[in-house]
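Chemist: For this one, chain A is given, so just place chain B on it according to the hints.
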Amino acid sequence: MVSLRPEEGVMQSRAQAIQALFDVLSDQPVIICNGFPSREAHKIQDRSGNFYMIGSMGVAASIGLGLALAKPDHQVVVFDGDGNVLMGMGTLATIGALKPGNLTHVVFDNEVYGTTGNQPSYSRLVRLDHVAKAAGYANVERVWEREDIVYEFKDMLNNEGPNFLLIKVNEQIEDADRVALDPPDITTRFRDAVGSAS
Amino acid sequence: MIDSDDFVKALQDIGCDFFTGVPDTILGGIIEVLSEQRLYTPSVREDEAVAMAAGAFLGGKVPVVLMQNSGLGNALNVLMSLHLIYLIPCLLIVSWRGFEGNDAPEHVVMGQTMPQLMETLRIPHRTLSAETMVDDLQWTAHTFMDQRIPVALFLKKGVVKTIQP
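Note that the protein sequences, when read in sequence, are chains A and B.
For the first sequence, my numbering assigns the number 1383 to the initial residue and increments by one for each residue that follows.
For the second sequence, my numbering assigns the number 2 to the initial residue and increments by one for each residue that follows.
Extracted from the complex, chain A is given alone in its bound form (with noise of 0.2 Å):
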């Protein structure tokens, strides 16, 4: 019998791992996936160019190639669940197909549906950074140790992409209410930070 819960030894939270990762970014652009990350990000760094997803689960990674399309110039983050990837996971091929240098897509990776009482996913059995290189994204790293973090997000942020990095984390949530901002104003509020004609 197969075990669904996730690798011992992964002492990170997802919460620690969004820390480590704005303490790399500047002002690039992250499109955060539905459900706890946002409400994580929300709450350890409100930044304009957060574009906060409060449902449409398994595209924030369609969102972001859509914007790293429409915005040449900029490095497109996102931040992705494993969850919301096997909801989407023909964008992988898409990504991998389209081949944007400018998109780096961060999958935090804790073998659970967290934000609905932890039921397991099937990222444990299937390897998503597996089908990540598969799918022909240009870098593919799976960490999960807060300087391997640091190190290759800053790499991937350098580095023409697509960029797929695999961040395995434990099932802990943080605290962090809903997030406040109303979807319109989240949407101008996005668009000024990243130069977009209002």
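The reader is advised that the hints may include incorrect statements.
[To be verified] Below are the SDA-like pairs computed for lysine to any residue, each with C-alpha atoms no more than 25 Å apart in a straight line:
1) B:K10 x A:S1578
2) A:K1515 x B:P43
3) A:K1481 x B:R39
4) A:K1481 x B:V45
5) A:K1515 x A:P1565
[Unchecked claim] Simulated coverage check for chain B against chain A, where a stretch passes if three residues somewhere in it have a Cβ under 8 Å from a Cβ of chain A:
6) 33 to 46
7) 76 to 88
FYI, nobody ran anything at the bench for these hints, they're computed from the structure.
Since the structure is predicted, the reported quantities are computational estimates derived from the model, not experimental observations.
Ideal placement from N, C-alpha and C gives every residue a C-beta, glycine not left out.
Modeler: Using the frame of chain A, we list chain B on its own:
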């Protein structure tokens, strides 16, 4: 019948500058013209396509998504929980398969219910015709800019020339 070239030109005239979608035979001519001009980014699913369009809008583009009406089903959740609540517009060009029940069985239900479905979602829509194309597109542009939500143009067979007549 509208030439695909003219239709694409008319879309560009109202400002459209990002095109994605999933193919349909009715849309074949338009996609061919867009591809020749390197304006078309193929998508693998309609929910991905409308989300990509949302990202393009965040990046300052005026996006168009081409799809068969069966694909509207795939796109519904993203239209409802992204575009309609974040006020992110896009132009949906939807081929009307199953119009008046005249198609393969899988198209019949969507063909009958599509206009009501769009009304339920409060997505403004029109059916394109050669006689009213300029007006249809002006209406589309105004609705897009004023309401900042998705707007649908339905395309019946034989209105825009396609590669397989």
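Chemist: It remains to establish, for every hint, whether it holds in the given structure.
Modeler: Hint-by-hint comparison with the structure:
| no. | hint | in the structure |
| --- | --- | --- |
| 1 | B:K10 x A:S1578 | 24 Å, holds |
| 2 | A:K1515 x B:P43 | 20 Å, holds |
| 3 | A:K1481 x B:R39 | 15 Å, holds |
| 4 | A:K1481 x B:V45 | 15 Å, holds |
| 5 | A:K1515 x A:P1565 | 34 Å, violated |
| 6 | 33 to 46 | holds (count 5) |
| 7 | 76 to 88 | holds (count 8) |
Going down the numbered hints, you'll see the structure goes against just number 5.
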